[in-house]
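Enquirer: Hints are included, so try docking the two chains, each in its own frame, into the full complex.
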Amino acid sequence: MAATTPGATWWKGAGGPLLPPVAEVPAGGGGTQEEARRTDGSGRDEATKGASGMSPDLRTRLGDVELANPIMTAAGCAGAGRELAQFFDVARIGAVVTKSVMLEPRAGRPAPRMAETPSGMLSAIGLQGPGIEVFLQRDLPWLLARGGRAVVSIAGGSAEEYAELARRLSMAPGVTMIEINLSSPNLADRGRDFTEDPAAAARVVRVVRASARSDIPVFAKLSSDVPDLVGLATACAEAGADGLSMINTVRGMAIDTATMRPAVAGGTGGLSGPAIRPIAIACVYRVHAALPDVPIIGMGGVRTGSDALEFLLAGASAVAVGTVIFHDPSACVRILREFEEALEERGVARVGDLIGAAHRPLGATALR
Amino acid sequence: MSDFRPVQMRSPVLTVRRVDAYHAITVVAPGIAERFRSGQFVAVAVGGEQSSMLLRRAFAIHEVKPDYGGTVEFLFAVRGRGTAWLAERRSRDLLDIVGPLGRPFPLPRDPVNCVLVGGGAGAAPLFPLAHTLRRRGCRVDFVLGAADAERVFGAITARRVAETATFTTDDGSFGLRGQVTEVLPQVVEDARSDVIYACGPMPMLREVTALAARYDIPVQVSVEETMACGTGVCMTCVIPVIGDDGITRMTRSCVDGPVFRGERVRFDDVGTIPFDALGAPGWKTHGDDAVQTREAG
Numbered sequence: 001m002a003a004t005t006p007g008a009t010w011w012k013g014a015g016g017p018l019l020p021p022v023a024e025v026p027a028g029g030g031g032t033q034e035e036a037r038r039t040d041g042s043g044r045d046e047a048t049k050g051a052s053g054m055s056p057d058l059r060t061r062l063g064d065v066e067l068a069n070p071i072m073t074a075a076g077c078a079g080a081g082r083e084l085a086q087f088f089d090v091a092r093i094g095a096v097v098t099k100s101v102m103l104e105p106r107a108g109r110p111a112p113r114m115a116e117t118p119s120g121m122l123s124a125i126g127l128q129g130p131g132i133e134v135f136l137q138r139d140l141p142w143l144l145a146r147g148g149r150a151v152v153s154i155a156g157g158s159a160e161e162y163a164e165l166a167r168r169l170s171m172a173p174g175v176t177m178i179e180i181n182l183s184s185p186n187l188a189d190r191g192r193d194f195t196e197d198p199a200a201a202a203r204v205v206r207v208v209r210a211s212a213r214s215d216i217p218v219f220a221k222l223s224s225d226v227p228d229l230v231g232l233a234t235a236c237a238e239a240g241a242d243g244l245s246m247i248n249t250v251r252g253m254a255i256d257t258a259t260m261r262p263a264v265a266g267g268t269g270g271l272s273g274p275a276i277r278p279i280a281i282a283c284v285y286r287v288h289a290a291l292p293d294v295p296i297i298g299m300g301g302v303r304t305g306s307d308a309l310e311f312l313l314a315g316a317s318a319v320a321v322g323t324v325i326f327h328d329p330s331a332c333v334r335i336l337r338e339f340e341e342a343l344e345e346r347g348v349a350r351v352g353d354l355i356g357a358a359h360r361p362l363g364a365t366a367l368r
Numbered sequence: 001m002s003d004f005r006p007v008q009m010r011s012p013v014l015t016v017r018r019v020d021a022y023h024a025i026t027v028v029a030p031g032i033a034e035r036f037r038s039g040q041f042v043a044v045a046v047g048g049e050q051s052s053m054l055l056r057r058a059f060a061i062h063e064v065k066p067d068y069g070g071t072v073e074f075l076f077a078v079r080g081r082g083t084a085w086l087a088e089r090r091s092r093d094l095l096d097i098v099g100p101l102g103r104p105f106p107l108p109r110d111p112v113n114c115v116l117v118g119g120g121a122g123a124a125p126l127f128p129l130a131h132t133l134r135r136r137g138c139r140v141d142f143v144l145g146a147a148d149a150e151r152v153f154g155a156i157t158a159r160r161v162a163e164t165a166t167f168t169t170d171d172g173s174f175g176l177r178g179q180v181t182e183v184l185p186q187v188v189e190d191a192r193s194d195v196i197y198a199c200g201p202m203p204m205l206r207e208v209t210a211l212a213a214r215y216d217i218p219v220q221v222s223v224e225e226t227m228a229c230g231t232g233v234c235m236t237c238v239i240p241v242i243g244d245d246g247i248t249r250m251t252r253s254c255v256d257g258p259v260f261r262g263e264r265v266r267f268d269d270v271g272t273i274p275f276d277a278l279g280a281p282g283w284k285t286h287g288d289d290a291v292q293t294r295e296a297g
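Taken in sequence, the protein lines are chains U and L.
If you read the first sequence in the UniProt record's numbering, its first letter stands for residue 1, the second for the next number, and so on.
If you read the second sequence in the UniProt record's numbering, its first letter stands for residue 1, the second for the next number, and so on.
Looking at chain L on its own, in the form it has when it is part of the complex (with noise of 0.2 Å):
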């Protein structure tokens, strides 16, 4: 039987490197390599074991390798203290590890077309998810952005797995300026894509969205929002999602996410509670009314 439970380790750091804007690092974590769908996420701990840094570190899976017995690589930019200190790891180093975490992106069953869109460090989730939808025999195009040439991250594989890769840059260094919004709509029509599977800001999410509905193709999206444990406990990196019964939830990123289907992600509510979420102050009426039609029907 398989077990999809994450686990805790303290896992050697096999290496480090830069990359463009990013750092990557590859720690040899068995259990978390086979336990790994793409689009699951590692929660590391930062700072040492006294670390005055408490949270969690939340960092899509970029690659996985049997090497070793199984090693996972992730990829940040230094944004803090404590992606400082990761920065500054050294092969040997051991790191507190949790993972897999998260909900991992849904796969077609049959063989589709499928357009992969990533805005800056998002696009690392999406490249184990592309070489799966490939050993799948389904068509995989890229469109990968960033403000500079230095943060699109992973030109060379994208163009090498997949069968078109387009990439904009805000300020035109590499690809087409503008963004990946801009010229997806192009790739899709191209492509005849089916599904969008997307990971990256806020913003870039909600257009990537509302593109698919224009297009009736599903699509699914990876958010990035900000975590304190990763494992579904603290209740901080909620967002307003719809659920199957049409209500509106605050739901969890780490563990009913971060994949979600873009469609349920109320985008223009982010960082709010709607009025009519469940526990909200217009929920109560918004059951009432509920209940109504139910017995009216």
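One chain only, chain U, in its complex shape (with noise of 0.2 Å):
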């Protein structure tokens, strides 16, 4: 009777990719009239922008680039932009921080990878991932025509595949800045030397700044969980490190009361979302006092335009929004749009003048 495979001509193609092919996205990242109303948040008139008449100066540095604003996205929660574009424009952001990618293809950890704790989650994804290749060809030339800024994320075993890894994503064309993943607590055992030895990762960030595109900033993401982290910062920026992104997600558990075993399969796994943001907060600041003249990326637990505002207070240049993202797919346009109205509302007129207000002393007019 039927003797036909799914695969046949009768199954009508209803179960194509639903994401659009890249031919059919319009370059420049030009959205529909929809797209625009649904998530826009710069669609607002002139009239309504604050009291002082003027709309902010967004524009941030990082070493030598400069985006037009500094909301991003964090490594590991947008992909490489693509499935989020669907709800917002990805040029319109700062820049698209990707997820890691590594040399060769990575299926991960097992099932389950994530749990679900109090203002936050613990994952063990593994650097689950195409691999370079792949990336180059399908990713970021889909991000570039889409208009994104790309910070490409890199992940590896030796420092030796940090540098090709580098090599590569210079070749390429388009590429805004690389951000060297130090830090996952779920890289294997020589992964977890990177993350805590000053030596070790001074070595990575190296060979990295090395084999890079002189033009493209390097900065080295680390963890909170490492006995000094100041140290740690130090020995990157010494090492050549255009600056730092702070943090990665904390080492955490959570154990499930009715299986009785560890609620992640790996034991432990990385926390993130708004419950980790005092320690991110506490590091940027702490990194930034000793360290000002380092460009800071600040990241943890960012929700809303205000917790952008606070990282900038402690002393980063700009802010990326992770976890947040998986509960709200249109969470970086609307902090954005939340950031501006709050340095409006203080009459901040440049971005750059609130970048580490939170040290001057007290009753210096920080803000005026």
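By construction, these hints were calculated from the structure, which means they are not laboratory data.
From the three backbone atoms N, C-alpha and C, an ideal C-beta is built for every residue, glycine too.
Incorrect hints may appear among the rest.
Said to hold, decoys possible - Listed next, with one range per pair, are the computed distances between beta-carbon atoms:
1) 268(U) with 170(L): 28 to 38 Å
2) 306(U) with 159(L): 48 to 58 Å
3) 80(L) with 268(U): 17 to 27 Å
4) 51(L) with 350(U): 32 to 42 Å
5) 247(L) with 349(U): 49 to 59 Å
6) 5(L) with 268(U): 32 to 42 Å
7) 210(L) with 227(U): 45 to 55 Å
8) 92(L) with 357(U): 40 to 50 Å
Expert: In structure tokens:
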């Protein structure tokens, strides 16, 4: 009767890919009118702008790179932008930080990979990804065609792997920055050396800086789970890092009281979300105090424009939105809108005026 | 040009009702209703704007109606704080809802005989599918099962829509005592089924897929994997699925599923990373073999 297989012609192709093929996407990030209506934060007319009558200058500098605004995605929370482009125009945010790319494809960790915790989540994805080749062929060109700024996060098992990734990315046109993932708790044991040992981290930074094109800033992403964060940050900066990203997830664990087993397959996972924001703020604050000239991308539980402002006051020059994207796929543009409003309300003319303002002595007219 | 992209909406709740062991919420969501295809789901934020529960809850869409510009109904069982919060919603409350998400059920081009198999709340997405299939002139037979009578969803509708409807419960409190896979062979033979659609727990889907292989008929399964985002970015809902090229990949249930061809899902390896999956420790060797084979050929 029906020897036909599901792949045979009688199947109407309803099961095709749901994401629009690359060719159908208008270049330069021009979304449909409807898209603009449902996600666009800047659709307000001039009359609704702040009392100052001026919209604040949102530009920010990260090393030699200037971004249109300080709101970015955090590595591993936005793919390479394609999925989120269904909800907002990825060219509108400062940059898309891609999921960490490795030299080879990687299957990642077994399920269950995540557990919800109060104001956060534990995850252990294990850097699943297609590898640099597919990234360069498929993901990066897609993001660039949409007009997005690409900050590429890289992860490797050895300094040489990191260097090779930096070389490959430098040969591809359009990479705005490289972020070295020194701190994923889901890398193998050798990965942990980079996380905690300043000398090992410095070596990775040095070879990446030497391999990457000189006009591509290299940022080192650090974990807070280290005995001496300022020492690690200093070692990375001295090794040539153009800036620092902090923080990665914080090691955590939850136990399922029904199965009486750890809720995440690997036992521990990385805690993210608003639950870790005070930890992240403290890290940014401490490192900015020690290294005021090193630009920082702050991240850890950013949920609102006010949270983003908090990171800037602590000393960050830009802010990445992570886990909250899972909760709200249009979070980045919402936070950008809220952030702009927060600046208008306070009469702040430039993002640059805010960076590290919380360090200034009491009574200093930081925001005038 | 049709737009299949999901939308995010703040949708007013129309009704919240108890359906035996489940709750059903209907929201006004025209953008989701107009894009919907059978098998797709919604991802709902729970706990309000400053919720401490960050992960969206994914629910299959059970019914779409044209009222109020377009309404969407989904079914759920209260299992934790998030679903308990949802069950307490009242008419006119707003829900932050994203959809329609996921790969829908592929439809047969010809009016063939289809058997729809549901386990528990897994029956929900089969009803819009049944209506679509009927409109295309397909014969529809239902096999629905659950632990007990309270958890068999949609028996009355199933009887009305389908040529035959067979029910099973583990405790025998409704229909036949046993599991859907025990009665399915008889239904497939009597109805001369050409295709099976199934939604329910993994072990049920594995058995149904094995049965389809025995009858040499295609099977489309909809998996009920836990998700964090539903939109394809978090990478938590992956299961091992064999691609068109024969390579097993850890595949996202939310965007590449939840509907898969049954024989492509490596049911026995769910919850693990198969040694030969793309990027797994054994994959490299496998890949080298493939290269050598190609070169030799």
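Enquirer: Now, for every hint given, state plainly whether the structure supports it.
Expert: Cross-check of the supplied hints:
1. 268(U) with 170(L): 28 to 38 Å: 36 Å, holds
2. 306(U) with 159(L): 48 to 58 Å: 55 Å, holds
3. 80(L) with 268(U): 17 to 27 Å: Since residue 80(L) and residue 268(U) have Cβ atoms about 22 Å apart, the given range 17 to 27 Å holds.
4. 51(L) with 350(U): 32 to 42 Å: 34 Å, holds
5. 247(L) with 349(U): 49 to 59 Å: Because 54 Å falls inside the window, the suggested range holds.
6. 5(L) with 268(U): 32 to 42 Å: Given about 37 Å between the Cβ atoms, the range holds.
7. 210(L) with 227(U): 45 to 55 Å: Because 53 Å falls inside the window, the suggested range holds.
8. 92(L) with 357(U): 40 to 50 Å: 43 Å, holds
Figure legend: structure checked against the earlier numbered hints; every hint is met.
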